[in-house]
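Chemist: As they're listed, the protein sequences go chains R, X and U.
Note that the numbering used here has the first sequence beginning at 1, numbered continuously upward.
Note that the numbering used here has the second sequence beginning at 1, numbered continuously upward.
Note that the numbering used here has the third sequence beginning at 1, numbered continuously upward.
Read the hints as simulated data drawn from the structure, not as lab findings.
Do not take every clue at face value.
Because identical chains cannot be distinguished in the list, a pair is counted as satisfied if it fits within a single copy or across any two copies.
20 Å max Cα-Cα, derived SDA-like pairs, lysine to any residue [said to hold, decoys possible]:
1) Lys-127 to Asp-183
2) Lys-102 to Lys-245
3) Lys-260 to Asp-133
4) Lys-81 to Ile-148
5) Lys-81 to Ser-225
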Amino acid sequence: MPEQTPIILTTDFGVEDVYVGVLKGVILSINRTAAIVDLTHSIRPQDIHQAAVIIHENYRYFPDGSVHLCIVDPGVGTDRKIIAVRAYNQFFVGPDNGVFSKIITADQPVAIYQVNNRSQFLEKVSKTFHGRDIMAPIAARISSGISIDTVGPQLGQEDCVTILFRKPEFTNNRLLGEIESVDRFGNLITNIVRDDLKPFNYLANLQILLKSQVIIFNEGSYGDSAENRAAALLNSSERLEICVKNGSAADQLHAQVGEKVVVRR
Amino acid sequence: MPEQTPIILTTDFGVEDVYVGVLKGVILSINRTAAIVDLTHSIRPQDIHQAAVIIHENYRYFPDGSVHLCIVDPGVGTDRKIIAVRAYNQFFVGPDNGVFSKIITADQPVAIYQVNNRSQFLEKVSKTFHGRDIMAPIAARISSGISIDTVGPQLGQEDCVTILFRKPEFTNNRLLGEIESVDRFGNLITNIVRDDLKPFNYLANLQILLKSQVIIFNEGSYGDSAENRAAALLNSSERLEICVKNGSAADQLHAQVGEKVVVRR
Amino acid sequence: MPEQTPIILTTDFGVEDVYVGVLKGVILSINRTAAIVDLTHSIRPQDIHQAAVIIHENYRYFPDGSVHLCIVDPGVGTDRKIIAVRAYNQFFVGPDNGVFSKIITADQPVAIYQVNNRSQFLEKVSKTFHGRDIMAPIAARISSGISIDTVGPQLGQEDCVTILFRKPEFTNNRLLGEIESVDRFGNLITNIVRDDLKPFNYLANLQILLKSQVIIFNEGSYGDSAENRAAALLNSSERLEICVKNGSAADQLHAQVGEKVVVRR
Numbered sequence: 001m002p003e004q005t006p007i008i009l010t011t012d013f014g015v016e017d018v019y020v021g022v023l024k025g026v027i028l029s030i031n032r033t034a035a036i037v038d039l040t041h042s043i044r045p046q047d048i049h050q051a052a053v054i055i056h057e058n059y060r061y062f063p064d065g066s067v068h069l070c071i072v073d074p075g076v077g078t079d080r081k082i083i084a085v086r087a088y089n090q091f092f093v094g095p096d097n098g099v100f101s102k103i104i105t106a107d108q109p110v111a112i113y114q115v116n117n118r119s120q121f122l123e124k125v126s127k128t129f130h131g132r133d134i135m136a137p138i139a140a141r142i143s144s145g146i147s148i149d150t151v152g153p154q155l156g157q158e159d160c161v162t163i164l165f166r167k168p169e170f171t172n173n174r175l176l177g178e179i180e181s182v183d184r185f186g187n188l189i190t191n192i193v194r195d196d197l198k199p200f201n202y203l204a205n206l207q208i209l210l211k212s213q214v215i216i217f218n219e220g221s222y223g224d225s226a227e228n229r230a231a232a233l234l235n236s237s238e239r240l241e242i243c244v245k246n247g248s249a250a251d252q253l254h255a256q257v258g259e260k261v262v263v264r265r
Numbered sequence: 001m002p003e004q005t006p007i008i009l010t011t012d013f014g015v016e017d018v019y020v021g022v023l024k025g026v027i028l029s030i031n032r033t034a035a036i037v038d039l040t041h042s043i044r045p046q047d048i049h050q051a052a053v054i055i056h057e058n059y060r061y062f063p064d065g066s067v068h069l070c071i072v073d074p075g076v077g078t079d080r081k082i083i084a085v086r087a088y089n090q091f092f093v094g095p096d097n098g099v100f101s102k103i104i105t106a107d108q109p110v111a112i113y114q115v116n117n118r119s120q121f122l123e124k125v126s127k128t129f130h131g132r133d134i135m136a137p138i139a140a141r142i143s144s145g146i147s148i149d150t151v152g153p154q155l156g157q158e159d160c161v162t163i164l165f166r167k168p169e170f171t172n173n174r175l176l177g178e179i180e181s182v183d184r185f186g187n188l189i190t191n192i193v194r195d196d197l198k199p200f201n202y203l204a205n206l207q208i209l210l211k212s213q214v215i216i217f218n219e220g221s222y223g224d225s226a227e228n229r230a231a232a233l234l235n236s237s238e239r240l241e242i243c244v245k246n247g248s249a250a251d252q253l254h255a256q257v258g259e260k261v262v263v264r265r
Numbered sequence: 001m002p003e004q005t006p007i008i009l010t011t012d013f014g015v016e017d018v019y020v021g022v023l024k025g026v027i028l029s030i031n032r033t034a035a036i037v038d039l040t041h042s043i044r045p046q047d048i049h050q051a052a053v054i055i056h057e058n059y060r061y062f063p064d065g066s067v068h069l070c071i072v073d074p075g076v077g078t079d080r081k082i083i084a085v086r087a088y089n090q091f092f093v094g095p096d097n098g099v100f101s102k103i104i105t106a107d108q109p110v111a112i113y114q115v116n117n118r119s120q121f122l123e124k125v126s127k128t129f130h131g132r133d134i135m136a137p138i139a140a141r142i143s144s145g146i147s148i149d150t151v152g153p154q155l156g157q158e159d160c161v162t163i164l165f166r167k168p169e170f171t172n173n174r175l176l177g178e179i180e181s182v183d184r185f186g187n188l189i190t191n192i193v194r195d196d197l198k199p200f201n202y203l204a205n206l207q208i209l210l211k212s213q214v215i216i217f218n219e220g221s222y223g224d225s226a227e228n229r230a231a232a233l234l235n236s237s238e239r240l241e242i243c244v245k246n247g248s249a250a251d252q253l254h255a256q257v258g259e260k261v262v263v264r265r
């Protein structure tokens, strides 16, 4: 049996409307053996930065040949380009607005193509839903085996939009970061990754300051912490995360996305 | 490889409860090669009208042979019929309460059958979940290739429930419509489609009145509008839509489903 | 064509975050022909009891060979075990914390194995996401045909955590139960099943007391009840449920999970 090729969707469409279902219809109309996976449809509306972080952090859990279709596209219908990218033995299709910034600037081989071969689009292209009319068809065709260089001319990285990511700053023996997202459990996930903590030499007993509380770093897991007490750990994506065992850190600390976090010895 | 047949689900079940997952289990128990797609499970509870509009507007994005299973079924367990329909080279299975009104009254060939062949149902049929016990099995069997005329006797269109759709009214050079839905981006989607605007001859500079604001029609896309200012356009389903670039029209105009909209020159 | 094997996901992850999508990526990396079904991701965070009830009530709608992956795992990273179970011609993979209590204590043959064959895990195992690093790979491997006894040593039922379920109590000719869940329609679903009602001999005209209202038992379906009036029936899972035709019982009776319910003649 020919293997199903995963097509992974990352959008800001939510799941209440029909937009996601329609994308799947278009994909299956072109490639009936696609295995369509929802990574998330809860990107904050038009938040290119969040999409870029999520795609970069999670493509690695999908098999070779997977096609990532990212539709966070506030510029739909303007002259922003659409691109198809081959990197890490996978493919990425989406608007050229920075959603693949961390993919195309990575230190490894990348091939970028501008999508402009109209014969590969839906027959009728609307001005407001290129995800349905252009990007889903391209993703489906790539997943069914067309060569990526048929979608249009190759581009250099310098031809593409890349966005800047606020990195944590290390000064005066303190690392300054922020809360980047809050998950369903109320865990507070920061923009600080393991590598950012290197200047501290070792992790034990680091102090994290958040909303004038001092939280002690813990090298273990959720279950190891004291009940109902804020703890900090490196989560499954190697990010510094503040959590409360059997509770919600967001509720307990009244913290939200954007809140500042300081790490010190 | 035999192709997967898409089965498309449209329900008012939401995604919190297990009802949708159970439907999928029943389908896969009968046809393991089904490709099950969620169109939406966010139909307003028991809103047959909304389901009818959504199915009619979106079936066209699915391939030939697709089976649409619609379970918005306030009359479950009463003597309302269950029907299976062949139209547009696709199939539609659901209660006979009007959810397929726009399909069976369309100006093209339709074959309608009453589902009553008990040997095709689950062995035990509850009084409150015919979606699971009758309709999902029928959809799965049709997707796996049984002939639709085995489900029961053929019906005429006049034997089936059809519902009326409030159409926009044109009087005194004004078109009166209303907001029919609001999407995740806060876009206000009306019941006015391109054809309804024909009496105005051309679209440029039409004025849309909503909550005592005047909004100017725009032939372009979201990106073409001025930032933070309400604009009106024909969306990707050819419906008149009021939007705000990089913002929410619903929030900015405090408008909801049911709000009146007037179009004038 | 080799048949797809269903893998059914039951978690407390919600659908906003990427956790569910990542599980699917890991599964498809190991078994590309898996048919992944979401039963629900809306288990209340860390509510092992709710997960146990839902899995037991719904596995029966899935075909032989299905693999149920349940990740409600507050003890992740502690020394709680992970188990794989064969029962009812299906498989169950999850933490040994009681989520499979009703499966492993059922009156039929069960084989339980402790998951500890590290060669079957992801190469790198985090301390906080064993769902991704251990349980999803094991479920995928079982679905692709490995023998379940390769995952680790066999366990007895007495080696596993089982939890107690609050059962309705019958005293003084009254049955005392409670609301166990509320669905999207506002239906109030109790912990009382058909068998619990046996002491009453027959069901007609039973009275249900909820929040000082008296509701009359109805042997039919939703449609048979009077409009806007609370009614009680046995739902499609044979549970006593309080509903309001074309309305929400939860709203009308201001009732929530945990509310007491009394049944009397």
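Chemist: All hints, please: hold or fail.
Modeler: Against the structure, the hints come out as follows:
Taking the closest pair of Cα atoms, Lys-127 and Asp-183 come within 20 Å of each other only across two copies (17 Å); inside a single copy the shortest separation is 34 Å, beyond that limit. Taking CA atoms no more than 20 Å apart as the test, Lys-102 paired with Lys-245 passes in neither setting, with 32 Å inside one copy and 26 Å between copies. In this assembly of identical chains, Lys-260 and Asp-133 lie within 20 Å of each other by CA distance neither inside one copy nor across copies; the values are 41 Å within and 31 Å between. In this assembly of identical chains, the alpha carbons of Lys-81 and Ile-148 lie at most 20 Å apart only when taken from the same copy (16 Å versus 46 Å across copies).
In this homomeric assembly, Lys-81 and Ser-225 come within 20 Å of each other (Cα to Cα) only across copies, at 18 Å, whereas the closest approach inside a single copy is 48 Å.
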